[in-house]
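K.L.:
Chains as they are written, first to last, in this note's numbering: chain A, 1 to 301; chain B, 1 to 319.
In short, the hints are calculated from the structure, not lab data. These numbers come from a predicted model, not from an experiment. Don't be surprised by glycine CBs; every beta carbon is placed ideally from N, CA and C. A hint or two may mislead.
Claimed, not checked - Stretch by stretch, here's where chain B covers chain A in the computed footprint (C-beta under 8 Å, at least three residues):
(1) 63 to 77
(2) 104 to 111
(3) 240 to 253
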Amino acid sequence: MATAVMTTLDPNSRSAARGMSDLTIRNLFIIPTIVFLIVFNIFPLIYSLGYSFTDFRASSPAAANFVGLQNYRELLNDPFIWSNFAITAKYVIVSVVGQVIVGFGVALLLNRDIPLKGLLTTLLLLPMMLSMAVVGLFWKLLYDPSFGIINYTLGLGSFEWLSNPDMALYAVAITDIWMWSPFVMLLSLAGLSAVPKHLYEAAAIDRAGSFYTFFRITLPLVAPILMIAVIFRTMEAFKTFDLAYILTSQPTTEVISIRLYKMAFQEWQTGRSCALAYIVLIMILAITNIYVKYLNKVKER
Amino acid sequence: MAAVTTSTERSLNKLAIVGVLIITMIFLAPIYWIASTAFKPRNLATTIPPTVVFQPEISPFVKLFTKRSQLRTAPTPEQYAAAPWWERLVFDGGEKVVRSGRGEVQWSGYPSRFMNSLIVAITSTVLAVGMGTFTAYGFSRFKVKGEQDLLFFILSTRMLPPVVVAIPMFLMYRVVGLNDTHWGLIILYTAFNLSFSVWLMKGFMDEIPKEYEEAALVDGYTRMEAFFKIVLPEAATGIAATAVFCFITAWNEYAFALIMTNRRAQTAPPFIPSQVGSGLPDWTVIAAGTFLFLLPVAIFTFLLRNHLLRGMSFGAIRK
Numbered sequence: 001m002a003t004a005v006m007t008t009l010d011p012n013s014r015s016a017a018r019g020m021s022d023l024t025i026r027n028l029f030i031i032p033t034i035v036f037l038i039v040f041n042i043f044p045l046i047y048s049l050g051y052s053f054t055d056f057r058a059s060s061p062a063a064a065n066f067v068g069l070q071n072y073r074e075l076l077n078d079p080f081i082w083s084n085f086a087i088t089a090k091y092v093i094v095s096v097v098g099q100v101i102v103g104f105g106v107a108l109l110l111n112r113d114i115p116l117k118g119l120l121t122t123l124l125l126l127p128m129m130l131s132m133a134v135v136g137l138f139w140k141l142l143y144d145p146s147f148g149i150i151n152y153t154l155g156l157g158s159f160e161w162l163s164n165p166d167m168a169l170y171a172v173a174i175t176d177i178w179m180w181s182p183f184v185m186l187l188s189l190a191g192l193s194a195v196p197k198h199l200y201e202a203a204a205i206d207r208a209g210s211f212y213t214f215f216r217i218t219l220p221l222v223a224p225i226l227m228i229a230v231i232f233r234t235m236e237a238f239k240t241f242d243l244a245y246i247l248t249s250q251p252t253t254e255v256i257s258i259r260l261y262k263m264a265f266q267e268w269q270t271g272r273s274c275a276l277a278y279i280v281l282i283m284i285l286a287i288t289n290i291y292v293k294y295l296n297k298v299k300e301r
Numbered sequence: 001m002a003a004v005t006t007s008t009e010r011s012l013n014k015l016a017i018v019g020v021l022i023i024t025m026i027f028l029a030p031i032y033w034i035a036s037t038a039f040k041p042r043n044l045a046t047t048i049p050p051t052v053v054f055q056p057e058i059s060p061f062v063k064l065f066t067k068r069s070q071l072r073t074a075p076t077p078e079q080y081a082a083a084p085w086w087e088r089l090v091f092d093g094g095e096k097v098v099r100s101g102r103g104e105v106q107w108s109g110y111p112s113r114f115m116n117s118l119i120v121a122i123t124s125t126v127l128a129v130g131m132g133t134f135t136a137y138g139f140s141r142f143k144v145k146g147e148q149d150l151l152f153f154i155l156s157t158r159m160l161p162p163v164v165v166a167i168p169m170f171l172m173y174r175v176v177g178l179n180d181t182h183w184g185l186i187i188l189y190t191a192f193n194l195s196f197s198v199w200l201m202k203g204f205m206d207e208i209p210k211e212y213e214e215a216a217l218v219d220g221y222t223r224m225e226a227f228f229k230i231v232l233p234e235a236a237t238g239i240a241a242t243a244v245f246c247f248i249t250a251w252n253e254y255a256f257a258l259i260m261t262n263r264r265a266q267t268a269p270p271f272i273p274s275q276v277g278s279g280l281p282d283w284t285v286i287a288a289g290t291f292l293f294l295l296p297v298a299i300f301t302f303l304l305r306n307h308l309l310r311g312m313s314f315g316a317i318r319k
């Protein structure tokens, strides 16, 4: 990849008479970053690709044995891994759908003549800037069955959230919705403010109902930006680790990142975990690809 | 929206205002609860019904910074009278401050973790923004073959799940002795933030008119001089916004820190949850630690408010 940068510059570009040539400066500015990322992101991945074909255990001094595709075969045939993926998928759907409904809903409310709109928007955006792990921890107190303010406010008595296997994943998703709806709101607001006002005026002249206006004007025009928010949040929810790991230790909340963490750093099945990491990686790259295509599409507008 | 004229529109607008206010209160409630718990006496932190009105005190912060142990017997009146005011707060809570043989107060683990967070976040931010600014300028001003592919490659490194990257990094760090060191985390956070910094800075660089440098070049500046004297000052706002974003990301990061550090270089995010442990945690102390940790980010969020959209969308959406 770095070689691509070495090619000659466009002859039309103005190069200074003194000092370094533009070509040198360009390479000096770009190549270190590319090299840094290759050394600290790509090289480790190549390193772990090698280990994914072995039975290496980082906790034992025994040398790694080459086992071919055995790790991949076993992982893909392991029903427990598939259940981790199923939990992750459920989590992604619940939390992303929740974030879109709440985030887009709040954006619609904010897209009016609201006094102190700027201040309220900034306050609403605060949760997403905070540390998931540290704030997530505090939700343990909020969810507490005996003295948590959530049960008290909602009058739920001593309802179990985090220690209830059926509820724990939803509790984690609710916290995630709280943190990240503001992100969907932020992007939706940008989309809404970009809708040309004359379209609404024209609709009003035609006596179009608000239902019609929303589905035929607002939604189609906001959709591309909303889509960016959805893909980005899907990607992040798929990778989720901090919140679920800190809030509960239920088997029903063991999303794929937590499984991977336990396999690598608690069970020390290093070789196997490298293989699982690769399976996860390929899925993430696929979503990233879609995401970047959308980013470029919106950028062109 | 169309001009608000009809009475239905007006009442709808009022409804929206009420709705927004209620939602804002719900969204801020957890943050308010953290802040208020940080100033509560311990016995009021977990009451039913929840305590909303109370006499604020700073004993949680004293306890946050000191190493304490349970009092077996109540302090004698002389001991109590001789103790400084902050130590009395700890006595009042049924605990005593642990002192060394020479009588020096022992610190808790919190201050060193907070310092580690500062060291790691600031250093990695300087590196990521520094490199990112140069690279962004390179991409913005010069023709680069396969520019789109390179930019995609740079962005994709950001999307990797932390645990996936952490496994090989942990093994490699073990070989070179970087586990549980500041530099180990700094390198990881720099790599993580670098892609973000390149993307965001490229947007800011693209907005600076090329003519500024061209004019400087005509005046006899070298390209380097033009970059440092013309472009960098113009990009100052962008650099500051990018730096704050990178700082917040590194400051908040949990998974890498959990895996790569355990004591010497441990940052606050893995440390604070480890204090909950088993039994009945003292939520006032946890709230105090959380409050101090969140404070810088809350301040930065207000400073950044006009750049949030741009930053969160990797520079793709500008207002």
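K.L.:
For each hint, tell me whether it holds in the structure or not.
P.N.:
We went through each hint and held it up to the structure:
Counting residues of the region 63 to 77 of chain A whose C-beta lies closer than 8 Å to any C-beta of chain B gives 0; at least three are required, and the coverage claim is violated. Using a Cβ-Cβ cut-off of 8 Å, 4 residues of the region 104 to 111 of chain A lie near chain B, which meets the minimum of three, so the contact claim holds. Check result for the region 240 to 253 of chain A against chain B: holds, 3 residues qualifying (beta carbon to beta carbon below 8 Å, three or more required).
When held up to the earlier numbered hints, the structure conflicts with hint 1 and nothing else.
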